[in-house]
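Below are the chains, spelled out letter by letter.
Number of protein chains: 2
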Amino acid sequence: MPTIKDVAKEAGVSIATVSYVLNNKTNSVSEETRIEVWRAVEKIGYMPNVTARNLRSSRSRLIGYAWHERPRNGYMNAVLDHFTYSLAQAAEHAGYHLLTFTYPHQDPIPVYDELIRTSRVDAFVIASTNEDDPRVRYLLDKAFPFVSFGRANPEWDFPWVDVDGEAGVHQAVDALIELGHRRIALIAWDQHSLTGNFRSDGYMNAMRAAGLPVDETLIWRGENQEQSGHDALRHFWTVMPPEQRPTAICAISDLIAVGVINEAEQLGVTIGRDVSLIGFDNAPLTQYLHPPLATLEQPLEAIGVQVIALLCDLLNKTPLDDQRHRLLPPRFIPRASIAAPPTD
Amino acid sequence: MPTIKDVAKEAGVSIATVSYVLNNKTNSVSEETRIEVWRAVEKIGYMPNVTARNLRSSRSRLIGYAWHERPRNGYMNAVLDHFTYSLAQAAEHAGYHLLTFTYPHQDPIPVYDELIRTSRVDAFVIASTNEDDPRVRYLLDKAFPFVSFGRANPEWDFPWVDVDGEAGVHQAVDALIELGHRRIALIAWDQHSLTGNFRSDGYMNAMRAAGLPVDETLIWRGENQEQSGHDALRHFWTVMPPEQRPTAICAISDLIAVGVINEAEQLGVTIGRDVSLIGFDNAPLTQYLHPPLATLEQPLEAIGVQVIALLCDLLNKTPLDDQRHRLLPPRFIPRASIAAPPTD
DNA sequence: TTGTAAGCGTTATCAC
DNA sequence: GTGATAACGCTTACAA
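From first to last, the protein sequence lines are chains A and B. Note that this note's numbering has the first sequence beginning at 3, numbered continuously upward. Note that this note's numbering has the second sequence beginning at 3, numbered continuously upward.
Careful: at least some of the hints might be erroneous.
Since the list can't tell identical chains apart, any single copy or any two copies may satisfy a pair.
Below, in silico cross-link-like pairs of lysine-lysine (BS3-like), each with a Cα-Cα straight-line distance of 30 Å or less [what the hints assert, rightly or not]:
1) K27 with K319
2) K319 with K11
3) K144 with K45
4) K27 with K7
5) K144 with K319
6) K45 with K7
7) K144 with K27
8) K144 with K7
9) K27 with K45
10) K11 with K144
11) K11 with K27
12) K45 with K11
13) K7 with K319
Hints in this document: simulated from the structure, not taken from any laboratory.
Work out the full structure, taking the sequences as your base and the hints as a guide.
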């Protein structure tokens, strides 16, 4: 690989001059030599060695990003996949690269710690945070730059970008109400998930805003699994008296909604006619389900861009934007799984 | 961040001695000083600066890996997501990290070129190759280390790992034959996809091996889209005379199989009773389709491990394993979409 | 057994 | 304007 010395020799100047030209210290190099240096650079095909540059400037130009958990076959995490792509692209645009790494789920800290202590990365992007996230706690404590996709303990002050799950579900429930639904059910996760709670809030707030009661018997909580959808619908249809059944169901994730669809098939209930259904994520294949699933799509592209924007603010120590937090609304995608309530 | 000098000062030795101890040049350091150095290291919390190490050794300990294409919302590429994870993990195990990057689909070469010329990475992993892949051509030409997940032009000599699509589909078709099927259809991609051709070969070979005719009227070719499944089934069911219809369909991807399922619904055909169906990939949600889709699962975990193993061989210049190619069989997952042919 | 010093490829501070 | 030269933090001959 050619070095700056080779260029200097070829151009008949010193390496300092070459460096000036390459870094556009244009004020102190004559037009003549500048042209000559560029000619030499072109001829030799020189590009500066990143490692040497990094050593000199005590930076790595690398942003660390870890998966939140091991993907399993058949599991849906297309969300993070898409996010990672947009993150990588935005990072490159800002002159960085993404270093992707993994960690044992029980104990992320040592991995983050090593990457910091060896100066491997300049910053981190973390995703899938929860209220009491140890990574946030650790990075704040170390005062190491990071931006999060997802919120955490509201008392912690750190830059984050997140999808406004509250607004999304609120919008979806509004749409259901608009269609004439009054008895709308919610299938949520247990209350330890911050993301889940925000989404649930959207349901509560929309109901209240419309003057509808928040009926606890219409709220089902379970794991983020297909099974939860089965359980919930079976409960609504076999335990509750017909007149108390919901005419619409808001599932907090597509995976749960899929369970509802499958249970409906078994119960002889037709989704999109007997009961409306809406999910969250726009997971792969949901558009091809029977019926196609109405859902909320996260603006992952924009999130990646915003995360990197916040990170650049942080790293360049430019006075931070007034808002270190960005809440982006998901996009409501109406599909055939929702319709007006049955008329009888 | 503490440096080797700080440790040397703390331990009362020279930086060379510290370096010896840290790199286990144990033959030339007394037990005494070694202990003293480690004590200092612990006390100060020192870890060697990776950039400086890399500069000194002219390596980056980074492996470049790019997505083959921009993921879209609702699109299935969980396959590569899972692969990336196992790749990252295997790389870390070997003392490397994954640098993930993106490139404009039309012209990958400049991006690869820059990463090489700036010494940003030590090697590449490429995925989703095709017969005449420009990346393979370029990297071979540059003699830059890389391993591929996926084959290419058989005349090019380079290390790769791949899923044995032929064996997978062969096994699936065998299973169908075992169930009693004789008229088995294939829905394939156009013939420009190497991967697609291997999978198609599996179908042909299985049919021939069983002494069954390869009937061109039972082979449908289309894009890797849900629509192709629709088109194929409609063709089989509305254009062909009933007695010529297939009793089983082998789709080359889950996405196409989903189209078949949906078209079947419209035609009043019951998958898993009137006709059997099998896909490829074990994409997210396919297990929850109605009926659950029989499919072939790629051993992505093992592929990641093998790719890194080959790469380490390459980078350490140890005499290469006799086999620079690894062909791993997918796992057949029978589900309710297949059954014995209707007895009418 | 340990220390000195050269050098990895840059950038930046000085002189000139 | 330009060119020596000293870092950046580490590894490794070679000297002591």
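A quick look at each hint next to the structure:
1. K27 with K319: So K27 and K319 pass the 30 Å test inside one copy only (22 Å; across, 42 Å).
2. K319 with K11: The answer is neither: 38 Å in one copy and 33 Å across copies each exceed 30 Å.
3. K144 with K45: between (46 Å within a copy, 18 Å between copies)
4. K27 with K7: within (18 Å within a copy, 33 Å between copies)
5. K144 with K319: The answer is within: 17 Å in one copy meets 30 Å, while 40 Å across copies does not.
6. K45 with K7: Close inside one copy (14 Å), not across copies (41 Å); limit 30 Å.
7. K144 with K27: Result: close neither inside a copy nor across copies, 35 Å intra and 33 Å inter.
8. K144 with K7: Close across copies (22 Å), not inside one copy (39 Å); limit 30 Å.
9. K27 with K45: This pair counts as within: shortest intra-copy Cα distance 21 Å, inter-copy 43 Å.
10. K11 with K144: between (45 Å within a copy, 25 Å between copies)
11. K11 with K27: within (20 Å within a copy, 38 Å between copies)
12. K45 with K11: For K45 and K11, only the intra-copy Cα distance (12 Å) is at most 30 Å; the inter-copy one is 47 Å.
13. K7 with K319: Classified as between; 29 Å across copies, 33 Å inside a copy.
In summary, the numbered hints that this structure violates are 2 and 7.
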